[in-house]
Amino acid sequence: MALAQTYKGDALTLEQGWHMPDRGTVGIAFLIVTESALFTIFVVAYLVYIGKSLNGPMPKDVLDLPIVATICLLSSSITVVFAEHALKKGHLGAFKLWWIATIALGLEFLTATGIEWHKLIYKDHLTIRTNLFGTTYYSLVGLHASHVIVGMVFLLLVMGVTFAGFPIQTQFRRVRFLSWYWHFVDAVWVVVFTVVYVVGR
Amino acid sequence: MASIDYPLERPRPKEGEFSFSETLYRWVATVDHKRLGLMYIVTALLFLVIAGLMASVMRLQLAFPNNHVVGPETFNRLFTMHGTTMVFLVGMPFVAGLSNYLVPLMIGARDMAFPRLNAFGYWIFLFGGLLLYFSYIGGGGLSGHGSAPDVGWFAYAPLTSKAFSRGASTDFWILGILVAGIGSVASALNVIVTTICMRCPGMTLTRMPMFVWVMLIDSWLIIIALPPLTAAQVMLLIDRFLGGNFFNTQAGGSAVLWQHFFWIFGHPEVYILIFPAFAILSEVIPIFSRKPLFGRAAMVGAVVAIGFISLGVWAHHMFAVGMTSWSNTFFAASSMLVGIPTGIKIFNWTATMYGGKLRLDTPMLFCCAFLLQFLVAGLTGIMLAVSPFDWQLHDSYFVVGHFHFTLIGGLVFGLFAGMYYWFPKATGKLLCEKLGRWNFWLFVIGFETTFIPMHFLGILGMPRRIYTYAPDRGWDFWNLVSSLGVIAQAAAIALFIWNVIDSIRSGEKAGDDPWDGWTLEWATSSPPPEYNFEKLPVVRSSRPLWDLKHPHDPDWKFEQ
Amino acid sequence: MALLQGLGAALPEHRVANIFKPLATPAQSEYHIALLVLAITGAIFVVVAGLIVYTIWRFRRRPGDDAKQEPPQVYGSNQIEVAWTVIPILIVFVLIGVSARVIASVQNASPPPQMLKVTLIGHQWWWEVRYPDYGIVTANEIHVPTASATYLELQSADVIHSFWVPQLAGKTDLIPNRTNYSWIDPREPGVYFGNCAEYCGTQHANMLLRVVAQAPEDFKRWAAEQQKPAAENAAFQSLSCVSCHTIKGTPAKGKFGPDLTHLMSRRTLAAGAIANTAENLRQWVKDPQAAKPGSLMPSLQLTDQELGQVVNYLESLQ
Amino acid sequence: MAHETHHGEAGEHSEQTHIEMPAPTFWPMVFAFGVALLLAGIVTHWAVSATGFVIAVCAAFGWWHDVIPHERHEEQPIEPALRPEPILVETRSVVRLQLGEGGHRRRIPEKIHPYSAGFWGGLAGGTAMAGLACLYGLIAEHSIWYPINLLAAMVIPDLGQASIEQLRAFNGLAFVAAFIGHGVISVLVGVVYAVMLPMFPKYAPFWAGILMPLFWSGLVATTLDIVNPAMNARISWPWFVACQLGFGLVGGFVIARSTSISTMQAWSLAERAFLEAPPRDEK
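Residue numbers (numbering that gives the first Met the number 0), protein chains in the order written: chain A, 0 to 200; chain B, 0 to 559; chain C, 0 to 317; chain D, 0 to 282.
Simulated from the structure, these hints should not be mistaken for laboratory data. Beta carbons are placed, not taken as given, at the ideal position from N, Cα and C, and that holds for glycine. All the pointers check out, no bait thrown in.
Keeping only pairs whose Cα atoms sit at most 20 Å apart, straight-line, the calculated EDC-like set for lysine to aspartate or glutamate is:
hint : chain 1 : residue 1 : chain 2 : residue 2
1    : B       : LYS534    : D       : GLU14
2    : B       : LYS356    : C       : ASP65
3    : C       : LYS20     : B       : ASP471
4    : B       : LYS534    : D       : GLU73
5    : C       : LYS285    : C       : GLU305
6    : B       : LYS356    : C       : GLU69
7    : B       : LYS534    : D       : GLU74
8    : B       : LYS356    : C       : ASP64
9    : C       : LYS67     : B       : ASP515
10   : B       : LYS534    : D       : GLU78
11   : B       : LYS534    : D       : GLU19
12   : B       : LYS534    : D       : GLU84
Calculated from the model, a selection of chain D residues having no Cβ within reach of chain A, i.e. all distances over 12 Å:
hint : residue
13   : THR16
14   : ARG82
15   : LEU87
16   : ASN170
17   : ALA220
18   : TRP236
All chains, full assembly: derive it from the sequences and hints.
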């Protein structure tokens with residue numbers, strides 16, 4: 000009855016259909032917001048403690064710019080976009096190729112971090128308990144690395160089911176959410192890199 | 000439209016028709032937002048009773064000077080667990096429970112956006128709570144002392160470092176809250192996505208019920224403010240287990256940094272806790288005044304403003320740590336700014352009542368008491384925001400009085416209003432009105448008797464968190480009065496629980512719309528079916544049921 | 000007894016630490032702004048609470064009302080809403096201005112040149128009081144002269160504590176790895192009571208502080224008395240007391256507990272937990288955990304003979 | 000009483016017999032249990048963590064199968080017995096405010112001064128007041144900076160102890176503080192005038208120009224000792240009242256001169272926030 004009555008504004012909207020945003024999209028967006036809040040505190044802690052360590056080693060003595068690792072991680076953001084496009088168009092072969100490239104680049108980044116930590120611990124004798132720099136450095140970089148690992152687990156999972164013959168095209172939405180998460184991890188690295196290796200050094 | 004006769008008494012499938020294991024399965028495996036909402040609320044009530052008992056023991060200890068009901072260790076554990084429980088295991092699940100139960104119903108959705116995540120959120124909250132309480136028996140607890148945390152709910156560094164907090168008590172505090180916090184974030188995320196993505200046709204943001212608006216902002220605050228606490232707790236874990244130096248003053252770390260991190264979470268948290276009460280009042284007052292909410296836009300704006308400003312006021316908890324005069328001035332100023340939107344809210348609620356026809360049933364009585372008590376809490380809050388005054392009042396019993404006026408006089412009174420108001424929706428039975436009035440008046444009397452004297456004690460120089468005091472400091476009388484009030488409060492809570500049990504068993508049938516409501520939850524049956532609405536409703540104003548009830552004078556003609 | 004007079008035994012005691020009875024400049028300024036804020040908030044309370052109560056009373060549903068009739072549906076009024084937004088903004092603006100001034104006047108006040116300097120160090124759960132200019136170290140009682148200001152350097156040896164003597168000054172925290180400042184200038188001779196105001200562990204409740212304000216000449220006499228070293232005592236030095244306590248002029252150089260050189264000149268034991276009487280002293284040394292459970296002073300399981308020797312010696316530390 | 004009952008859209012019947020709802024599942028609970036154990040192991044024993052990890056991984060796969068490839072649903076039968084009661088439509092009356100034409104849903108007052116008038120009025124009044132104050136400064140102390148410094152003493156304590164020479168001299172910080180303080184207060188008071196004046200009974204300029212300044216002066220006189228002791232010690236009350244009157248008259252005049260506009264009473268929140276275009280005029 001009330002439906003029959005016309006009124007301004009809404010009649011138009013309702014006739015055209017009632018569209019709400021996709022819940023996955025909104026969900027992943029706010030997940031990224033809350034993760035950012037988490038990272039912010041670690042970054043702040045790092046910034047506050049720059050130069051406050053009472054004893055060495057200091058960042059300028061032991062930190063080298065991880066140029067190669069950074070390039071790898073950032074370019075994995077590009078390959079994952081290519082993979083996403085390939086999947087959207089249904090080119091499963093191309094998707095697999097780009098996806099493997101993404102994983103390889105991510106692995107390279109993790110390996111580089113591992114090598115860096117090994118050098119810091121065994122050559123420079125910087126551990127998490129050595130000084131404030133050690134504590135904040137391992138925490139912040141470690142927090143980021145743990146996010147990379149989580150991303151890697153999901154990337155590998157997708158790769159596994161794809162090669163097992165699962166119709167991954169049907170899950171395009173979810174693959175896209177994963178790629179957004181991956182972009183977020185990359186963006187955080189830009190911040191971490193700036194804070195730790197540029198400002199902090 | 001033809002008139003159809005509907006029998007009020009209709010056969011309904013009852014829970015009793017299922018076997019015990021089936022019923023258990025229907026609750027434990029459920030992903031239904033209404034069941035989860037009720038589970039949250041029942042759990043919260045359970046923890047409320049536990050934390051209330053702890054408070055009673057503390058008041059008993061403080062009733063007389065040099066009292067020996069409990070020793071210092073026990074007392075310190077009591078106030079730590081009382082505060083922690085009330086904030087994380089009572090306040091937070093109430094937020095989650097109310098928004099879970101009501102938001103989908105109010106926006107005309109069948110469920111939350113992520114039903115399984117919702118179930119996960121409840122269970123991990125519950126396990127977090129249990130982990131925290133496990134500290135009474137775990138970690139060396141059975142061997143006599145109990146290792147419940149005793150560092151205060153704020154857990155200031157460096158009291159939490161290994162050097163000053165041996166054993167596992169602080170770890171239980173960290174982990175219990177960290178685990179429960181995952182649940183809070185999950186449920187808040189869910190509420191946000193549900194509100195943004197699941198509204199029924201025609202439910203634009205401007206038509207969304209005020210309750211949903213407030214819960215949306217509340218959830219936004221949760222996902223912004225809880226991660227800082229989690230981050231700080233992870234740092235503390237790193238300090239305690241890996242030998243990190245975040246809060247190690249020996250290695251140049253800063254004890255004040257913890258305070259900053261904690262209050263960046265802690266102050267918004269206070270607003271996270273009080274917002275559900277705002278949400279409830281914004282629904283109950285209009286219905287019982289028979290008028291729409293006065294100045295809806297301003298009310299939404301005020302909540303957004305509070306949510307925004309509250310992120311920038313944290314250091315008013317730290318006026319005594321020796322910040323620069325500029326920081327003190329900044330945080331005093333920003334804290335006082337919160338008073339402006341809060342004032343707007345109180346004025347608009349009052350204006351909603353003004354010119355109405357107030358039905359002073361129990362829910363409305365609680366709202367009226369809320370307005371007066373929250374006004375006092377707001378004004379004492381202004382006093383505390385004035386940094387020089389705060390140097391005297393900080394960490395004194397005045398502060399205890401202030402935030403109990405906010406959280407009991409505000410939040411808990413609001414929650415009671417909400418529980419009396421929506422109980423018929425959730426159970427199909429009305430709560431007994433007569434017991435409700437007894438409950439209300441006992442609670443008011445007990446509340447005022449307990450918490451008004453605390454303000455005086457603060458002015459007489461009594462610090463917080465002391466387990467005993469000497470007889471000649473002038474604190475005896477008001478402490479005794481304060482403790483006596485607990486009796487009436489406990490009676491009120493007991494009465495409420497009895498009312499709930501009795502009404503579920505043999506209460507008056509409520510019907511689907513006992514209060515003559517205007518929002519969508521009253522358009523479905525009580526209790527609602529699993530799918531909420533057989534056919535998703537279409538709305539065209541902020542009061543869809545008013546439109547239906549007044550076909551000649553609907554809101555949408557006016558509201559656009 | 001005459002000596003004790005000089006040490007201020009007869010001073011009036013302000014046990015009820017009412018923040019509205021300030022007796023020093025910082026507390027006075029805080030009291031003034033408190034009055035202003037109370038007046039403003041009080042006025043707001045009267046107006047708003049009056050409005051709420053009037054509304055509830057005036058518009059309550061009465062028995063004879065037509066239940067089927069709805070009141071006028073008023074949605075809001077921009078005018079009124081703007082008015083009750085802007086007026087609070089004005090009030091807040093004034094409050095912010097006043098707070099800014101008082102914050103600055105208390106915090107940035109340049110200390111008068113001739114001031115007594117005192118370093119106050121918080122310990123779990125007692126106060127160490129150092130007078131660097133006099134070479135005095137004492138505990139739990141800050142003796143200061145009236146008629147001039149005392150400048151306090153606040154530090155902590157372990158966790159965070161907070162200095163609060165309500166009638167003299169508001170709180171300032173004592174934080175490890177950081178030095179805070181506060182100052183007091185008691186106007187009248189007397190004993191002012193205060194507490195640690197930041198939760199600092201088990202015995203936070205019994206971390207009491209007294210400020211003993213004396214006439215300048217009395218203070219001088221007290222200081223001279225405190226500067227004297229104490230006599231040695233073989234029995235005491237053979238016990239493990241010396242690993243924690245210092246007694247000036249003797250080999251006892253422990254840093255962990257309070258300096259005992261002039262123990263008997265203090266009013267209380269265990270940071271205000273018990274009065275300093277012969278019987279209490281005996282009980283305290285015998286079993287500290289009974290008087291102050293959780294205290295960091297262990298029970299040394301002394302024999303009765305040892306206990307007698309130690310207490311006798313301590314009683315001689317005037 | 001004539002009843003009309005019907006199902007509104009909110010309670011409309013569906014033609015379907017079943018509704019798809021998410022299927023119940025244990026996995027979220029098990030996953031939560033696993034995660035809780037994983038973390039609890041930190042404070043108890045590593046074996047607890049290990050168990051928790053295994054449980055969490057199993058539960059994660061269980062959960063995974065709940066949603067991929069498709070979310071599991073169960074068909075919830077529509078219970079006719081669970082249909083809500085019909086919503087009662089009664090011809091009940093709504094009391095109307097007597098506002099003449101245009102219906103009862105009106106925001107009042109109908110015509111207001113634009114907020115900008117309040118802004119400009121406040122600015123004009125503030126300028127007039129400042130002018131008078133500076134004039135006073137020139138006459139009494141031969142310095143226009145004198146009243147400015149006194150005003151700034153509200154926030155700058157040093158000025159409270161300043162000598163008369165210092166008060167006469169230009170002080171940058173004080174000038175900025177006084178400028179901001181005076182400006183903000185003037186504008187805010189102007190806005191209050193603009194919104195309140197239409198509500199006063201007649202003779203608005205009288206209220207704004209004479210009575211309110213006097214009332215304000217009284218208020219200041221009682222509180223100035225605390226708000227700004229430095230100013231209180233030196234203030235000349237006749238000049239102060241004159242300054243207030245100057246503000247009131249000039250501000251009130253500017254506001255009263257502005258053309259009234261009709262309120263945005265029928266606008267929605269989005270329109271008032273200028274998120275959407277305002278509605279066309281219905282007539």
